[in-house]
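As given, the protein sequences belong to chains A and B, one line each in that order. The first sequence lines up with residues -9 to 213 when you count with the working numbering. The second sequence lines up with residues 10 to 126 when you count with the working numbering.
Certain hints may be false.
Stated by the list, open to error - Label pairs and their calculated CB-CB ranges: (1) B:Asp103 / A:Glu83: 32 to 40 Å; (2) A:His72 / B:Asp57: 53 to 61 Å; (3) A:Glu44 / B:Gly105: 38 to 46 Å.
Simulated from the structure, these hints should not be mistaken for laboratory data. We put the CB at the ideal spot given by N, CA and C, even for glycine.
Single-letter residue listing:
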Amino acid sequence: MQHTDTDMSVMLDAVVISEVRFLRDCLAEIMIRVPQIGVCRQAATLDQAIELLETAQPDIVLQDVAFPGGPETASRLCAAGHHARVIVLGVCETEENVLAWAEAGIAGYIPNTASVDDLVALIEQIERGEQPCSSRIAGSLLRRVATSKQVALQESSPLTLREREILHLVGAGLCNKDIARRLGISLGTTKTHVHNLLGKLNLQRRAEVMTHVHKAEHRTALR
Amino acid sequence: MQELRAALILVPPLLADLVRHVAATRAANLDITLSIIAKIDDPAELVDLLGRLAPDLVIFGPSAAVSRATETRLPRGTRVLTLSADLKRILGPDEGESAPLTPESLAQRLREISRSI
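With these hints in hand, go ahead and build the complete structure from the sequences.
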C-alpha cells in the first residue's frame, strides 16, 4: 500500500496470477485503470505468487480461475497473503462454484461473463466489501452459512448423536417408556442415556431438560 | 492509419474485451486501427454473417474444433488467426504458423495482415 504525494489517498498494490502470459499482460494493464490501484505485479506460478505475497505484501490478488489448484490455491494465497484480498477472475456463476470459492476464503469474484469495464467496476465494489451476485447465489450462501453453523453447534455439543435424539424427546415431554418404544431400545438403555445426558448438561431433573431444549430452540430460531 | 476489420468468433467476453482494449492499443501504435465489426458466439450464424460482413480478419477463440471446421467455409481472402486452447499461442494466418500469444505478438500479426491485404 502506498500514499501518493499529491492527495495522500491510499493506493493499492495488486498481483495478477495466471499461467497465461497474454492474460497477465493484459490484466496488469487493465488493473492500473482501477483508480485505487497504483502498482500491478504478475506471477505465473504459485511459488512466484507466494514469494510476491511475502515480499511485496499486495492488497489485492487477482487469481485466474483456470490457475492450477483452483479454490485450494486461493485458500493457500489467502493464508499466505496476510492482509491481501483474493479475487477470482472468470468464475462460472453456478451455486456450486461460487460456494467452493467462497469457502476458500476469497474476498470476491469476477464472473466469466464480465467485460473489461465490468472488471474495473467489480474490483472497486469488492474493495468496498461488496459482491454483486444473483438472488439465487445469495440464497445459497445464506443456506450454507446456516448449515455450517448447525454443524459447528453439533460438533461442539458434548452429547452423542443418540443422547441428542433422546434430549429432544425428553424436551418434547415423553417419558422413558415412550422414548424406549419410539427408538426401539430397552427401558434400561433409555434410562442410562437420560442419566448420562443429565450429567453432561449438568442438569438434575427432566423439567430442566425441557427448559434447556426450549431455550436452545429459541436461540436457533433467532440466528 | 490502416483499418483492419475483424470478427471475433467464439471468443469469451473478457478475452474479446482484452483483445479490443489492449491488443488494439498496441496495433494503433503500429498505425493500424483494429475495428471489431462483429462478435459471433453462435456457430450456426457464422458462415452467413461472415459472408455478409466480409471481414479482413477472423479471430477464433480457444475452441479449435469449431474453428477448423468453419475455416474452410469462410469468404475467400479472409485471414484467420486462432487463439490456442490454452491461450498460450497464436496460430496463423498462414498454415502451420504459430507464435507465443502476447499483446505484442498479436499486434505484430495484425500489422502483417494489414500489409498483405
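| Hints violated by the structure (numbers, ascending) | none
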